[in-house]
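All chains should be modelled from the sequences, with the hints used to inform the complete structure.
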Amino acid sequence: MARATASTATASVPLRRSGRHSSKQSAQKEEEDDVKVKPEELESPTGVAKRLSPASATPDRRGHKRVTKEVKEEEDEAVSSVDELPASPSPSPSKKKAKTSSSSTPKKSQDEKAAELQARKLKAYTQFANASPFPDFAHPTPAECKLAHRILAGLHGEKKRPTEALTKAPSNRAGCGDAPSVLDALVRTVLSQNTSDANSTRAKLAMDREYGGSDKWDAIVAGGQAKLEKTIQSGGLAANKSRTILRVLEEAHARYGAYSLDHLFDRSDEDAMAEMLGFRGVGPKTASCVLLFCLRRESFAVDTHVFRLAGLLGWLPAKKKCGREQAQAHLDARVPAEDKYGLHVLLIRHGKDCAECRAGGRSVGKCELRKAFRGAKVDGEVGEDLKMEEIEHVKEEVPGVETDRDAVANTIEMVS
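The sequence shown begins at 1 in the working numbering and counts up by one.
It cannot be assumed that every hint is accurate.
What the hints assert, rightly or not - Within a straight-line C-alpha distance of at most 25 Å, the following computed DMTMM-like cross-link-like pairs (lysine to aspartate or glutamate) qualify:
id, residue 1, residue 2
1, 321, 136
2, 168, 144
3, 321, 338
4, 168, 210
5, 371, 144
Hint data in this document are derived by calculation from the structure and do not stem from the laboratory.
For clarity, every value in this text was computed on a predicted model and none was experimentally measured.
Here it is as structure tokens:
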């Protein structure tokens, strides 16, 4: 092969640079277009997020990060519940151009889009309020739930619901639904979304200091969103959480003439859940925690630990894409009522303490819980994928967390 001359080699350099520059510009434009489209496609009628590309049923990490950013205002949860459904075929360039140039269909306002998302969220809940979205998947069975409950109680101690209802909210921690007032319980649970117990407690105590007490709702509303965001910034996702808290307070007062949701004590489980889900930023996990701990109902909330462990135990269908909201609907329908409180609390405890089952943990065959469900190995592999997704999510969302090791340490102390 003939050698390239010096002049030819020199001339090729700017061409390569130009190609890289053009490729970078093209990638930036694609990402901008992606961001413009996604808010309209965040939730499907089943209450989960769609992805534009149908190419793969397995989320890559960059895609997971981008979708998580878009949905974190909606959930709870965030560790977000992303269900990648196949998208419809892309229209031809001519159709795209015609659609873009057409002004016959007015653009929807943010309020209209938010209202549509709320309607879809409520529809998804009511559709599976008393039934699993996976009726042909028969796990966990009642016997499997009781076996797991016994093993976890032996490892971490039995966790039973207190016989007496709370008469006073804790003053030294945020908790998760731990308050006699439904409104206070909901605000505390919003603060606990996607963060550690320590961080949510710091945020709650900062609120109490800034506004002069734990339930100074008038002062919080009067202070506005910017002040509240700054006050609770130690809890993470402060912008979204402050907006959600103010919406809940303002809408509750507008509906009932007072800062109170205590009428939910007299509502059915379904009605109480539906009303809480009616607030933007309140998802099934947050509402379920208030139902379980404050209203003292039998509801099975699925946080990041419960979601991961359910996958490891083979309690979620591995061959079907199962997001967290679908997992909660499935497990709430499958777990016996008498096991919901204890199993929820113990799964969270185990998910933080077990070296094999926590995020980033490596299975070495010593976990008593996983050994008991060894036959679920194939289905349980979905839980291993969730571990890495969870680590990436924590690195993306939690200030100061940059390495996998830091993310694992943060996840160990995360609570529902």
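Tested hints:
For a cut-off of 25 Å, the pair hint linking residue 321 to residue 136 stands: about 14 Å separates their Cα positions. Between residue 168 and residue 144 the CA atoms are separated by roughly 36 Å; this puts the pair beyond 25 Å, and the hint is violated. Only pairs whose Cα atoms come within 25 Å are accepted, and residue 321 paired with residue 338 is rejected, the gap being roughly 28 Å. Proposed proximity of residue 168 and residue 210 is supported: the alpha carbons are some 21 Å apart, at most 25 Å.
The suggested pairing of residue 371 with residue 144 holds, with an alpha-carbon distance near 13 Å, which does not exceed 25 Å.
The structure is inconsistent with the numbered hints 2, 3, although it conforms to all the rest.
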